[in-house]
Amino acid sequence: MKPYRDKTNRWYVSYEEYNETVYPRYCSGSSYCLTMRAVQPLLDSVKSSPFLWVDDAYITGVLANVANVQRIDTQSLYKFSYEEINKNFFHNPFIFLHLPRTLNRRYAFWKKTLELCNMEDCSR
0 MKPYRDKTNR
10 WYVSYEEYNE
20 TVYPRYCSGS
30 SYCLTMRAVQ
40 PLLDSVKSSP
50 FLWVDDAYIT
60 GVLANVANVQ
70 RIDTQSLYKF
80 SYEEINKNFF
90 HNPFIFLHLP
100 RTLNRRYAFW
110 KKTLELCNME
120 DCSR
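Each residue of the sequence shown is one higher than the one before, counting from 0 in numbering that gives the first Met the number 0.
Take these hints with a grain of salt, some might be off.
Here are the in silico distance ranges between beta carbons for each label pair [unchecked claim]: (1) V21 - R100: 29 to 39 Å; (2) W10 - L113: 34 to 44 Å; (3) E15 - R105: 36 to 46 Å.
Honestly, the hints are just simulated from the structure, not real lab data.
Even glycine gets a Cβ: it sits at the ideal position worked out from N, Cα and C.
All chains should be built: construct the whole structure from the sequences, respecting the hints.
Okay, structure coming up:
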């Protein structure tokens, strides 16, 4: 992904802050999972890496590259809305989902989950 260079963009990054034309491959999002074995190498790599305020690109991109920490693509395990899920989604060992903001939409998500799981055993 390329850094946003438009000063009006919320995620604007100047060339002084990051002088490369693309970020290293990184885990985008408000959260990510780390193993304990990855933590110390990431911390150690801070000493030799210039700071970047775009935290996901910095930690799971820049620092992970320096520390040689492996990243695993979990995009297939992640959904932004309950409309995207189907019965196959529940066969993953882990799932990540943004819960709807309103109670009615959360109820609709739960109802759809129950309907999909009743089609077959979702515990497999």
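Each hint tested on the structure:
no., hint, result
1, V21 - R100: 29 to 39 Å, "holds, 33 Å"
2, W10 - L113: 34 to 44 Å, "holds, 38 Å"
3, E15 - R105: 36 to 46 Å, "holds, 43 Å"
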